[in-house]
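Residue numbers (the working numbering), protein chains in the order written: chain A, 71 to 191; chain B, 30 to 444.
Source of the hints: derived by calculation from the structure; they are not laboratory data.
Lysine-lysine pairs mimicking DSSO-like chemistry, simulated, CA-CA at most 27 angstroms apart:
#1 Lys98/B with Lys70/B
#2 Lys98/B with Lys111/A
#3 Lys102/B with Lys70/B
#4 Lys108/B with Lys98/B
#5 Lys369/B with Lys185/A
#6 Lys108/B with Lys111/A
#7 Lys111/A with Lys102/B
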Amino acid sequence: MSEFLRQYLLVAVFGGLAFGLVAALIGAASLFRPSRPSTGKVENYESGVDPVGSSWSQSQIRYYIFALLFVMFDVEAVFIFPWAARLEAFGFFGLVEMMIFIFILALGLAYAWRKGVLRWA
Amino acid sequence: MDPYLLDGVDFGDVVLSVAKAILAFVICLVATMFMVWFERKVVSRLQNRIGPNTSGPFGILQTLMDGIKLFFKEDNIPKEADPFVFRLAPYLSLIPAFLTFTLIPLGGDFNNGNDGAVTVFGRETFLQVADPPVGILFFLAMSSLGIYGIMLAGWASGSKYPLLGSVRASAQAISYEAALGLSLAAVVLVTGGLSMNSIVMQQAGEGFGGIIPNFNIIVTGFIPFAVFLIAGTAELNRPPFDLVEAEQELVGGFHTEYSGIRFALFFLAEFMNTVTMAAIIVTLFFGGPAGPAFLGSTLGWLTGMFWFLLKLLVFLFAFVWFRASLPRFRYDQLMSLGWKLLIPLSLGWLLVLAGIRVARNGDLGIADSAFGDTLIVIGVAFAILLIGMYVLRSAMTNARRDRLIAAGFNPREVN
Chain A
71 MSEFLRQYLL VAVFGGLAFG LVAALIGAAS LFRPSRPSTG KVENYESGVD
121 PVGSSWSQSQ IRYYIFALLF VMFDVEAVFI FPWAARLEAF GFFGLVEMMI
171 FIFILALGLA YAWRKGVLRW A
Chain B
30 MDPYLLDGVD FGDVVLSVAK AILAFVICLV ATMFMVWFER KVVSRLQNRI
80 GPNTSGPFGI LQTLMDGIKL FFKEDNIPKE ADPFVFRLAP YLSLIPAFLT
130 FTLIPLGGDF NNGNDGAVTV FGRETFLQVA DPPVGILFFL AMSSLGIYGI
180 MLAGWASGSK YPLLGSVRAS AQAISYEAAL GLSLAAVVLV TGGLSMNSIV
230 MQQAGEGFGG IIPNFNIIVT GFIPFAVFLI AGTAELNRPP FDLVEAEQEL
280 VGGFHTEYSG IRFALFFLAE FMNTVTMAAI IVTLFFGGPA GPAFLGSTLG
330 WLTGMFWFLL KLLVFLFAFV WFRASLPRFR YDQLMSLGWK LLIPLSLGWL
380 LVLAGIRVAR NGDLGIADSA FGDTLIVIGV AFAILLIGMY VLRSAMTNAR
430 RDRLIAAGFN PREVN
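Using the sequences plus the hints, can you model the full thing?
Dropping the structure here:
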């Protein structure tokens, strides 16, 4: 096993245990729990009244725009972390570079703000 | 990396690994069950009630009893649900919660320059399940994966309330994940590494004057901690950010259609995430098992565990305290807090912190001394802050004015 894989040995064991626990609980419960389905039980819950219309509804476009903005900042974090970990190595030069980078991204956020994307009304 | 894994893996190493994993697994489950009881008991006391008091001493077995009850309950799958994804979602929710727990250093002696390793059966090991070199990124990845469980649970239910709850949940989680990641960058900046063990080691030691500990909350200047605490609470969907399961609007949110043991698993995942988030806060900003050094290590390797549990309990109490005392946010307030305050604040603070550190290393070279450079950086940061605040305020005033005029107000009355 390579050194890289060895570090994740225990993570894998732990993930296996977690998967096993969930599967065992659900599996064991299926042996003990009652199962008496009826038409009323499998209806969707809508506060006790009969469901109205289809449940597959569309959601607002705003959520999608926030997801796009999130991608911008998540990619930004990908570039910030390596620089932050090696700050001393890059010194003043790296600081100025990062300032320019963050300034450009902040302009993006300011643009979205000005366009009213962040306004939830 | 764990010392016993450094040179090859023999049979004993595998046994130790499995033993460690099982022990940590049990600790994780017990801590989660304790947290459920603790939350109910404390919130009851804060609301002038008694809370669980029947099963076991002080009602401490209440969680176990609830689990057993749910275990024997019927499991409904609504007829409009997507059966495969509906069954998959509890796995996606609980497994990342477990995996995040692997990162947390639970104990060990960090005093006098020790790296927290203890000797078990002749092998040196950390009291931490795994110490990957990209620890912090692993934490961010797992907290993102947990969102899939919530999102898919709501979607697969084929029902209206769960769908609304899950869309809200994912938008909220990704909004605050950005702030979470950026506040973590400040910790990486002062540590120079991403592994949890190196973060704890960096915070151990004498500190300032031997009295004030060297914790990151002080070293990074409090603001990353505040941002992380707020963003972390939002990431957990805990009050005051619990719009995901706002009972008055959405019934139970994403798990409305779940019943029986599957519901119990979602509940377990939620509380496990709470415990883990509190532990991560303790590790990143309060030194984890590295206690205030001047109190020494009288208990040996138990010292670390003592400090860790004490700090953990403080944050678990804080989470319950938030729930008992803060009203829920409105959705637009939630979004503007995340995007308009936390993200710009953590970005700006990161740059100031980096500037101060570069200046203190003497890499700036503007003034004669490193101290002069530091003063220059602080001065420039203040100037930019003041100018930025002025520009922002006038922009917001103008925008508000434009909106009011567009809405039909008299331009003379608007100011």
